[in-house]
Every structure is written in C-alpha cells, then in structure tokens.
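Asks: Count the sequence shown with the UniProt record's numbering and you get residues 1 to 691, in order.
Worth flagging that the hints you see were computed from the coordinates, not collected in a lab.
It is possible that part of the hints are untrue.
[As the list claims (entries may be wrong)] Okay, derived cross-link-like pairs now, DMTMM-like style, lysine to aspartate or glutamate, Cα gap no bigger than 25 Å in a straight line:
| id | residue 1 | residue 2 |
| --- | --- | --- |
| 1 | 159 | 534 |
| 2 | 15 | 105 |
| 3 | 159 | 567 |
| 4 | 221 | 245 |
| 5 | 631 | 519 |
| 6 | 159 | 572 |
| 7 | 160 | 143 |
| 8 | 28 | 18 |
| 9 | 160 | 515 |
| 10 | 429 | 687 |
| 11 | 498 | 629 |
| 12 | 53 | 548 |
| 13 | 467 | 143 |
| 14 | 53 | 567 |
| 15 | 266 | 440 |
| 16 | 613 | 629 |
| 17 | 47 | 131 |
| 18 | 28 | 143 |
| 19 | 311 | 116 |
| 20 | 552 | 564 |
| 21 | 159 | 131 |
| 22 | 272 | 51 |
| 23 | 28 | 290 |
| 24 | 247 | 430 |
| 25 | 613 | 504 |
| 26 | 199 | 143 |
| 27 | 160 | 569 |
| 28 | 560 | 577 |
| 29 | 560 | 496 |
| 30 | 119 | 3 |
| 31 | 76 | 131 |
| 32 | 613 | 567 |
| 33 | 199 | 440 |
| 34 | 75 | 105 |
| 35 | 243 | 394 |
| 36 | 156 | 435 |
| 37 | 160 | 440 |
| 38 | 556 | 496 |
| 39 | 445 | 435 |
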Amino acid sequence: MSDFLVIVESPAKAKTIERYLGKKYKVKASMGHVRDFPRSQMGVDTKNNFELKYITIRGKGPVLKELKAAAKKAKKVYLAADPDREGEAIAWHLAQSLDVDIDSDCRVVFNEITKDAIKESFKHPRPINMDLVDAQQARRVLDRLVGYNISPLLWKKVKKGLSAGRVQSVAVRLILDREREIQKFEPEEYWTIDTEFIKGKDLFQASFYGLANEKKNLGSKEEVEEVLNQLKGDNFIVESVTKRERKRNPSPPFTTSSLQQEAARKLNFRAKKTMMLAQQLYEGIELGKEGTVGLITYMRTDSTRISETAKNEANSYIVSTFGKEYAALGTNEPKKSAQAQDAHEAIRPTSAMKEPNDLKPYLSRDQLRLYKLIWERFIASQMAPAIMDTMSVDLKNGNVTFRATGSKIKFPGFMKLYVEGTDDGVEEKENFLPDLKEGDVVQYKDIDPKQHFTQPPPRYTEARLVKTLEELGIGRPSTYAPTLDTIQKRGYVTLENKRFVPTELGEIVSDLITEFFPDIINVEFTANMENSLDSIEEGKVNWVQIIDDFYKDFEKDLQKAEKEMEEVEIKDEPAGEDCEVCGNPMVFKMGRYGKFMACSNFPDCRNTKPIVKEIGITCPKCHEGNIVERKSKKRRIFYGCDRFPNCDFVSWDKPVSRPCPKCEGLLVEKKLKKGIQVQCTQCDYKEEPQQ
1 MSDFLVIVES
11 PAKAKTIERY
21 LGKKYKVKAS
31 MGHVRDFPRS
41 QMGVDTKNNF
51 ELKYITIRGK
61 GPVLKELKAA
71 AKKAKKVYLA
81 ADPDREGEAI
91 AWHLAQSLDV
101 DIDSDCRVVF
111 NEITKDAIKE
121 SFKHPRPINM
131 DLVDAQQARR
141 VLDRLVGYNI
151 SPLLWKKVKK
161 GLSAGRVQSV
171 AVRLILDRER
181 EIQKFEPEEY
191 WTIDTEFIKG
201 KDLFQASFYG
211 LANEKKNLGS
221 KEEVEEVLNQ
231 LKGDNFIVES
241 VTKRERKRNP
251 SPPFTTSSLQ
261 QEAARKLNFR
271 AKKTMMLAQQ
281 LYEGIELGKE
291 GTVGLITYMR
301 TDSTRISETA
311 KNEANSYIVS
321 TFGKEYAALG
331 TNEPKKSAQA
341 QDAHEAIRPT
351 SAMKEPNDLK
361 PYLSRDQLRL
371 YKLIWERFIA
381 SQMAPAIMDT
391 MSVDLKNGNV
401 TFRATGSKIK
411 FPGFMKLYVE
421 GTDDGVEEKE
431 NFLPDLKEGD
441 VVQYKDIDPK
451 QHFTQPPPRY
461 TEARLVKTLE
471 ELGIGRPSTY
481 APTLDTIQKR
491 GYVTLENKRF
501 VPTELGEIVS
511 DLITEFFPDI
521 INVEFTANME
531 NSLDSIEEGK
541 VNWVQIIDDF
551 YKDFEKDLQK
561 AEKEMEEVEI
571 KDEPAGEDCE
581 VCGNPMVFKM
591 GRYGKFMACS
601 NFPDCRNTKP
611 IVKEIGITCP
621 KCHEGNIVER
631 KSKKRRIFYG
641 CDRFPNCDFV
651 SWDKPVSRPC
661 PKCEGLLVEK
671 KLKKGIQVQC
681 TQCDYKEEPQ
691 Q
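Put together the whole structure using the sequences plus the hints.
Replies: Written out as structure tokens, the structure reads:
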C-alpha cells in the first residue's frame, strides 16, 4: 500500500513523476477530464441561475472506479493536473468524484517535469483555486450557450452538421474579410529603377530615390523616361555617406502563440502538430540510462518570463561554448504583453545543457526538430545583441539622386545560433558596399527600369492567423490549435498552398452569424469578453454575472434569428459529366476535405469520384495519358498519369510542359524556401528561382 496517491492526466506524465517521487507515492492517470456536460443536452440551466449538470464521461467509468479504489487506500490524495485553468478544472472534477476536500492542501502544480521541480512542488501543496475553476467553467458555459443554440439553428436553416463558436466564428470572419479584400483589390502601377554602379573593381547596387533631394515615387513609364532624360553622362558624384552602428536584439523565449507561428514558418508544422509534439516533450521522453525526462517547460503559456536558475544555466552554457562576449545575463528582459496572464514561465528547455544533438538517438525526427527550435530560441534569447554596421550612400547626377544601402555584421551575437523566421521567408542578409567617400565619382554600368503592380494583402497562413488572433485579443494560447482544426473539419475554410481560403459554406454561415449575432462575430466584443473571463480568474467578478450579462442580449438575438432567418438552399453544382454507374448527372459536393464529385441519384447511387485537375501535359512515361493533379490520403498534392493503373507515372513535383534544353528530360517545379525553381529530373540543369 502506498502512503500517497498522485493523479495526473496522462500515463507518460505519470511514469516520469513516479520515478522522481519514490516508493511511498503511487502515480495514476485520469486520462484527462473524468466529468463533463452531457453531449445530448446543453447541461446549463439558463432558467435557474445557470446551474450546471455534470456527468461521468462515457468510457471513463472504469478509470474513475480504479482511481476511487486507489484513493480509499491512500493516506492522502494529490491532484497534479497541468498548471493552467484546464488543469485546475480537471483537479476540481477529480476532487468532486473522489470526495477530496477542495480546501485541503491537495493541489500540486509544477511548470516542468524534472526531479528538482517535482520535489519542490510537493513541499508546497495548496487548496484548489476556485477562481481558476470558475474562469474555466465560464468559458465552457459561454461556448456551450453559443454552440448549443446557434448550431441547431444552422442545421435547420442551412445544413446538418454545422457548428458555431466564439473564437472559430471570428477566425472564419477574418479569413472571409481578407478574401473579399483581395477580390476588391485594384492593383496600382509603379516603377523602380535599379542600377549597377562601378568603382574601381567593385560593383554595387543602387536604386532611384528622388529628384531635387526629395523622394519621388514613379507611377508610369513616362515618369521613368522623364528621370532618365535628366541624366547627364555616366558619372555620379557621391553626395553623402552615412554610417551607423545598429543593435539587433534577440527574440524572447517562446510563448504558445509564438511557438506555433515559428514552427509553421521554419518547420512547416501545423499548430495541432506543434502542440502534440510539445506535449510529448513536456511529459517526458525515455533517455536511455537516465530514464524518462521532461525536456521542456509547460507549453501553454503567454509569458516570456524565465527563472533566474534557467538564466544562470544558459549563461554558463553560452560562456563555455561561445565565449564571455556572447553572454548577456540580465540585459534581455522582454516587455510583458498587456494581455499576458504571466502565470508561469516561457517555453524553454528544462536544461540548457541538453543539446539537441545529444538527444538525437532518443527523439523522433519531428520531436528533435521542435526541441532544437525551442532550445536554440531560448539560448539565443540570453545571448548578446548582434551589432550591424550600416551604410547609406546618396549618389547624384544633376537633379537625380540614387541611393545605395548596405550592411555587414560587426559582431554576430545571438545570430551565431538563431535568427527568427519571417512570414515571407526572407531573412536579413549582409549587403556589401565598397568604401565610398563624399566627392567620389562612380559610373553606372547598367540601368534597369522595372514595372511593378501593388499586390493585394496576402491570405492568412496558420502563423499569420494565430498572430492576428493574438494581437486582437481573441482566444487564448490553448484555443488556437483546436480552433484552426475545427474550421477546416466543418468545411468553412480550406488550405490552398498553406493559405486559408473560405468555402461557399463558410461564407454563408459567417454572413448569417454576422447578420443575426453581431456580437459573436465582433472582434472588439469578443476581445472584451476574453478580458472579462480573465477577470474571473483574478477573483474580481462572479462568473454567473458575466454569463448573465451576455445571455440577456444573446437570447434576444436568438429569438429574432428563429423568426427571421430564412432557409438557405445550397444547390449542387453540375459537374458536366454523367455517372458511369447509373448514367445520372454527376454534381459537385462539399465534404470534409473540400469538393468532390457525387452522383445526383444519391442515395440510390452512391458513386463518388475525386476531382482531378488536368495541368495540360502529356505523360512523359506512356506518352498517351494526361498528367493530372491528385491528393494523397494525407491531403498532399501529387501528380500522376490519368491512365493509372495502366501507367504508374507519379511525381511530388509539378511537371513543366517544355523539355529540358540540355538533355530533353522532364522538367519539374521544385518548391524552395525562396520560391519555385525549375529543375531537370535527369540531369543537373536548373533555372533561377522565381518568387
């Protein structure tokens, strides 16, 4: 018999913690929540002060029975769920089910699963924090009121299986508004004049800046010609040289949001995958003789704060690995976000000394890639700023001014280890300029005027959408990954080239919610609601009051929508071909993964076909079929012959219609970080990458 029973959420976490606590402690897993609202009903009594109805989750009976038996045998029960609102709620539900006094010292929290952190946390148990529980309950109740009232309305008026939610509705609206902005966008013409100059043996680039020392934008070819006509000869005089030293500070350690964004940019991970891998690294990985070890701190946080112990350890590592000049102990203190709860530390490795390469034998490829990202970001955040020497040179020919800018790294600082990614994939690079002085004469070698057109705002990637939601104060770190997953599963948006595109269904649903439930879709209202919910956590306001204030107006909107919302018929679009099984016309249907073809005689005929897209290229293998674009089971695009299985030609890269000029082989488009490059599949022929 064990003296103490410790209950956590997952078996992996239980295994790690039990090793640290010793024989007197038995650690068991609840497998997440054991109680929840019923699935078949709302579980919130709006007529009786929002009284809540909880039941044991289906399938959790045996788990709960085992936990009750273990609790009866133990002298004391500790509830050690995750250190956030959700974890506090899980602990409260367990306490209710196991008859544990919530006012006793039964709750244990830790930010990292390491021996020292675990042992220290058990020295300071506390009662369950009901403010945290109420804050979580209020969010669940609010989501329940919205989802269980609007969703059935959408089923009745639009289509079965639809859903509505606070954060997901705003996310779809942002995507839809961006799409409409793109559709309405009217490009404007503009020109640039890039010029190559020569000084001695050195070549350098400069661009047109302005006339008569004033900046001028060029909007037409005529304006370009007007500038070129003002040039007098090939010589330019160096009018001014400005040299500066610029510091570039490292990015702070990861929060949940910034981790999801950077993993999308650098590793091409979806938010859901990032959080799944981070959970595994947090709960513990088997490291050979060392046993199971938690490798990162808790991965749901909005704080960039780190402990003094972690700072000191990082400083020791930096000094021993890079040198004393690379350390910046105590000088890189990031500003706290206005929305940040700052409940616990940023996401960081539990030990700076556990280098990614040392863990290679124990981690999966993706676990290692994510750990390396977290480790490098943390170590870099404690390193000295980079110092850049920048140079700006104005070159003059009569009334015309060209400007050249250059930079070089004087001291790499944190950039020796890590540089934050960007949404467009373009990172800052050194740009060499020769040693120029005022009065120097240089000659232009080549003048290259180029026509451009302004581009519409880009569609949202997962990283951009998470960043926007965070900036607007919509949702909280733990909600982003499930929100992005839900709006795709419901068919409201699709991902095309890693960017969100709204579907017709998403447009219909979003417009209906906007018309009849304006508060649900309103960014400012939703952000204010998040702040109100946070105030419950801080013990400033009663959760029932917050919900009651919301429900009074929401109920009126609901009654109006029931009466005035008209039924929307989503007509099937003809596919332009007949069913090969029964001869009836095929139509386009919207499914979980986008559009597909189905027989219009459903349910009598259940024939379906994927939509294949011809790319206008004859198969290079059989020379009879056509190459079509298809999708794998994992929704990845590939290219194959339409005569399959008679012809088995397949390629992940998009074939190009023209042959290789060097060997007549097949050319394909390879996707690179910097754009798309045409390459030959049979020889070493490559073309310049195109953005």
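Asks: Confirm or reject each hint.
Replies: Results for each hint:
1. In summary, the hint linking residue 159 to residue 534 is not supported, as the alpha carbons are separated by about 35 Å, beyond the 25 Å threshold.
2. A threshold of 25 Å between alpha carbons decides the hint, and for residue 15 with residue 105 the separation of about 23 Å falls inside it, so the pair holds.
3. Restraint check for residue 159 and residue 567: the C-alpha separation of about 9 Å stays at or below 25 Å, so the hint holds.
4. For the hint linking residue 221 to residue 245, the alpha-carbon distance of about 38 Å lies beyond 25 Å, and the restraint is violated.
5. About 39 Å separates the Cα atoms of residue 631 and residue 519, which puts this hinted pair outside 25 Å; it is violated.
6. For the hint linking residue 159 to residue 572, the alpha-carbon distance of about 13 Å falls within 25 Å, and the restraint holds.
7. About 19 Å separates the Cα atoms of residue 160 and residue 143, which keeps this hinted pair within 25 Å; it holds.
8. About 9 Å separates the Cα atoms of residue 28 and residue 18, which keeps this hinted pair within 25 Å; it holds.
9. For the given pair, residue 160 sits about 20 Å from residue 515 by alpha-carbon distance, which is consistent with the 25 Å threshold.
10. For the hint pairing residue 429 with residue 687, the CA-to-CA distance comes to about 22 Å; that is within 25 Å, so the pair holds.
11. Note on residue 498 and residue 629: the hinted pairing holds, with a Cα-Cα distance of about 17 Å set against a maximum of 25 Å.
12. Between residue 53 and residue 548 the alpha-carbon distance is near 17 Å, which keeps this suggested pair within the 25 Å criterion.
13. At most 25 Å may separate the alpha-carbon atoms for a hinted pair to count; residue 467 and residue 143 meet this at roughly 22 Å.
14. Restraint check: the Cα-Cα separation between residue 53 and residue 567 comes to about 33 Å, which exceeds 25 Å; the hinted pair is violated.
15. Only pairs whose Cα atoms come within 25 Å are accepted, and residue 266 paired with residue 440 is rejected, the gap being roughly 43 Å.
16. Restraint check for residue 613 and residue 629: the C-alpha separation of about 5 Å stays at or below 25 Å, so the hint holds.
17. A threshold of 25 Å between alpha carbons decides the hint, and for residue 47 with residue 131 the separation of about 24 Å falls inside it, so the pair holds.
18. A distance of roughly 30 Å separates the Cα atoms of residue 28 and residue 143; the hinted pair therefore is violated under the 25 Å criterion.
19. Proposed proximity of residue 311 and residue 116 is supported: the alpha carbons are some 16 Å apart, at most 25 Å.
20. Pair hint residue 552 plus residue 564 holds up; C-alpha atoms about 19 Å apart against a cutoff of 25 Å.
21. Restraint check for residue 159 and residue 131: not satisfied, since their Cα atoms lie roughly 39 Å apart, outside the 25 Å limit.
22. About 33 Å separates the Cα atoms of residue 272 and residue 51, which puts this hinted pair outside 25 Å; it is violated.
23. For the proposed pair residue 28 and residue 290, the alpha carbon gap of about 22 Å is at most 25 Å, so the pair holds.
24. Pair hint residue 247 plus residue 430 holds up; C-alpha atoms about 14 Å apart against a cutoff of 25 Å.
25. Pair hint residue 613 plus residue 504 holds up; C-alpha atoms about 20 Å apart against a cutoff of 25 Å.
26. Proposed proximity of residue 199 and residue 143 is contradicted: the alpha carbons are some 67 Å apart, above 25 Å.
27. Of the supplied pair hints, the one linking residue 160 and residue 569 holds, its CA atoms being roughly 12 Å apart against a limit of 25 Å.
28. With a CA separation close to 43 Å, the supplied pair residue 560 and residue 577 exceeds the 25 Å bound.
29. Simply put, residue 560 and residue 496 have alpha-carbon atoms about 37 Å apart, too far for the 25 Å limit, and the pair is violated.
30. Between the alpha carbons of residue 119 and residue 3 the distance comes to roughly 16 Å, so the proposed pair stays at or under 25 Å and holds.
31. For the suggested pair residue 76 and residue 131, the alpha carbons sit about 24 Å apart, so the restraint of at most 25 Å is met.
32. Restraint check for residue 613 and residue 567: the C-alpha separation of about 33 Å exceeds 25 Å, so the hint is violated.
33. Restraint check: the Cα-Cα separation between residue 199 and residue 440 comes to about 9 Å, which is no more than 25 Å; the hinted pair holds.
34. Annotation: proposed proximity of residue 75 to residue 105 holds, straight-line Cα distance about 13 Å (limit 25 Å).
35. Note on residue 243 and residue 394: the hinted pairing holds, with a Cα-Cα distance of about 12 Å set against a maximum of 25 Å.
36. As the CA atoms of residue 156 and residue 435 are separated by approximately 73 Å, the hinted pair breaks the 25 Å bound.
37. Distance hint between residue 160 and residue 440 is unfulfilled; the C-alpha atoms sit about 75 Å from each other, more than 25 Å.
38. Only pairs whose Cα atoms come within 25 Å are accepted, and residue 556 paired with residue 496 is rejected, the gap being roughly 38 Å.
39. Our distance criterion of 25 Å between C-alpha atoms is met by residue 445 and residue 435, whose separation comes to about 18 Å.
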